[in-house]
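Colleague: Protein sequences, first through last, are from chains A, B, C and D.
Yeah, the first sequence ends on 143 if you go by this note's numbering, and it's all consecutive.
Yeah, the second sequence ends on 143 if you go by this note's numbering, and it's all consecutive.
Yeah, the third sequence ends on 143 if you go by this note's numbering, and it's all consecutive.
Yeah, the fourth sequence ends on 143 if you go by this note's numbering, and it's all consecutive.
A couple of the hints might just be wrong.
Since the list gives no way to pick one copy over another, a pair counts as held whenever it fits inside one copy or between any two copies.
What the hints assert, rightly or not - Taking lysine to any residue and the SDA-like style, the derived pairs with C-alpha atoms no more than 25 Å apart in a straight line are:
1) LYS106 - ALA77
2) LYS4 - GLY50
3) LYS4 - ASP97
4) LYS106 - GLN20
5) LYS4 - GLY95
6) LYS4 - LEU126
Rather than coming from a laboratory, the hints here were simulated on the basis of the structure.
Every value quoted in this text rests on a predicted model; they were computed, and no experiment measured them.
4 protein chains.
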Amino acid sequence: MQIKMDAEALGAFLVEVFPQVHTDFEVIEVTETGVRVRLVTADRHLRPGGTVSGPAMFGLADVAMYLAVLSRIGPAALAVTTNCSIDFMRKPVAGVDLICDAVIHKLGRVLAVGDCLIYSDGMDALVARATLTYSIPPKNGVF
Amino acid sequence: MQIKMDAEALGAFLVEVFPQVHTDFEVIEVTETGVRVRLVTADRHLRPGGTVSGPAMFGLADVAMYLAVLSRIGPAALAVTTNCSIDFMRKPVAGVDLICDAVIHKLGRVLAVGDCLIYSDGMDALVARATLTYSIPPKNGVF
Amino acid sequence: MQIKMDAEALGAFLVEVFPQVHTDFEVIEVTETGVRVRLVTADRHLRPGGTVSGPAMFGLADVAMYLAVLSRIGPAALAVTTNCSIDFMRKPVAGVDLICDAVIHKLGRVLAVGDCLIYSDGMDALVARATLTYSIPPKNGVF
Amino acid sequence: MQIKMDAEALGAFLVEVFPQVHTDFEVIEVTETGVRVRLVTADRHLRPGGTVSGPAMFGLADVAMYLAVLSRIGPAALAVTTNCSIDFMRKPVAGVDLICDAVIHKLGRVLAVGDCLIYSDGMDALVARATLTYSIPPKNGVF
């Protein structure tokens with residue numbers, strides 16, 4: 001899959017399209033099969049005890065797969081999530097950023113499917129995994 | 001399934017356990033098979049265009065199923081989500097609260113499973129559906 | 001949603017398109033929101049102990065949602081499953097048929113989404129639940 | 001994770017516990033993180049056109065994750081699938097075996113979670129992916 005947007009272009013796109021949340025995320029790199037994204041953990045992502053909340057982890061997986069798809073098809077703001085199946089496996093380490101590796105398995109004409117693996121920064125054990133399906137707009141609705 | 005916490009008790013529990021988010025949610029009622037919960041839509045839940053974000057819908061389903069389980073087992077703060085499969089089917093109506101009907105299908109010794117149906121308040125068409133599995137702590141860790 | 005195929009038409013379609021498996025299934029009725037289908041349990045569906053196997057329950061949910069979609073769009077043999085999330089909740093009763101209620105939540109231009117609830121015939125407790133997404137061919141590829 | 005059963009032991013276990021289906025599957029190897037299993041494709045797995053059916057792919061993923069778990073905990077016949085989310089991404093190549101790589105992400109006290117990637121033998125493109133959760137019996141019910 002050809003790369004159409006690099007980490008810098010994806011970051012600039014986030015700022016433009018998601019003004020509410022772009023400071024939560026940092027695109028670390030565009031990889032051979034997807035992207036790696038950091039959730040810069042802040043108070044609003046936490047549950048009592050300092051652990052990152054489920055919705056914040058869902059949001060990280062959702063943004064990471066969105067960016068993985070855009071990195072291959074270009075800036076199509078209208079791609080939308082149709083399904084996400086997420087498994088929460090271990091408690092994230094308190095006070096640590098989360099790292100998400102998104103891998104694209106299929107980039108079809110109308111659907112893209114991929115997996116996300118989420119870790120606490122610097123740890124080996126998986127915190128969560130997710131599979132997401134994105135529906136791609138017919139003309140790739142270039143922004 | 002016997003009801004151990006009513007809407008008022010669930011609301012008070014939310015205030016105590018989730019001080020960060022309790023104003024987002026309103027327990028409308030405890031139903032025969034689960035609970036009905038409202039997401040009081042605010043700016044922080046919205047994407048550009050005024051539609052409710054995916055993470056906010058995930059958060060609504062997650063809280064609603066949590067409350068449905070607690071309504072039957074009592075205030076076990078330690079129940080944790082292990083899996084959620086969520087389908088986004090239609091764009092929520094802008095500027096309108098979301099209503100979530102959570103139904104418990106199984107309340108086992110260690111796992112609870114149920115479905116959530118999410119609507120824009122006052123509309124018939126489903127915005128999203130989700131299935132969630134909660135892991136229940138051994139002694140129901142009464143809070 | 002208008003009904004384009006009734007139980008008899010769906011049954012005849014199964015015979016024609018799935019000669020290997022059509023004797024496994026019986027379309028009980030086309031309902032207001034989907035279909036009700038019976039798995040006529042036979043030795044090849046069983047695991048040791050006489051309980052219906054996971055793949056047989058998956059197959060029942062898959063066929064039931066397929067028939068639910070066809071009942072609304074007509075005989076489009078090319079509709080394909082893109083995702084299924086299935087939860088196994090209780091052991092089926094040995095030596096009893098399974099009944100599956102498939103309900104369509106969304107019938108879009110390219111995707112259909114619905115839920116299946118599976119029971120042992122004559123019992124109230126759910127054995128399994130599943131959500132399926134079908135991809136619908138562009139021209140409904142009438143058979 | 002220590003390996004408690006190798007490919008030969010897993011194969012012998014299949015023969016004993018699943019007399020109906022053991023000839024369908026061949027344990028290729030126990031890997032560092034799970035197992036690799038072959039579906040020996042036969043007529044009963046096929047749909048018209050010669051492609052492997054959805055239920056047969058589900059069955060392959062289910063057996064592979066079961067064997068991956070057993071390879072680490074020993075012969076616990078009573079481990080049961082509680083959830084499977086499966087994505088069908090490409091049509092399998094007609095007349096070719098399927099290969100399934102099962103990877104364990106979490107092996108907890110009561111739940112095991114892992115991913116399966118399914119290929120047509122000799123091909124690079126993924127045919128399907130699945131995530132499965134197994135419930136592990138309390139005493140590992142040694143067979």
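Colleague: All hints are to be evaluated individually against the structure, with a verdict given for each.
Modeller: So, going through the hints one by one against the coordinates:
In the homo-oligomer, the alpha carbons of LYS106 and ALA77 lie at most 25 Å apart both inside one protomer (19 Å) and across protomers (23 Å), since each shortest distance falls under that limit. Proximity of LYS4 and GLY50 under a CA criterion of 25 Å is satisfied in neither setting, with 37 Å inside one chain copy and 29 Å between copies. Neither within a single protomer nor between protomers do LYS4 and ASP97 lie at most 25 Å apart by alpha-carbon distance, with minima of 27 Å and 35 Å respectively. In this homomeric assembly, LYS106 and GLN20 never come within 25 Å of each other (Cα to Cα): the closest approach is 29 Å inside a single copy and 30 Å across copies.
Taking identical chains as interchangeable, the C-alpha atoms of LYS4 and GLY95 are never at most 25 Å apart, the minima being 34 Å within one chain and 35 Å between chains. For the homomeric pair LYS4 and LEU126, the shortest alpha-carbon distance between copies (23 Å) is at most 25 Å, but the shortest distance inside one copy (29 Å) is not.
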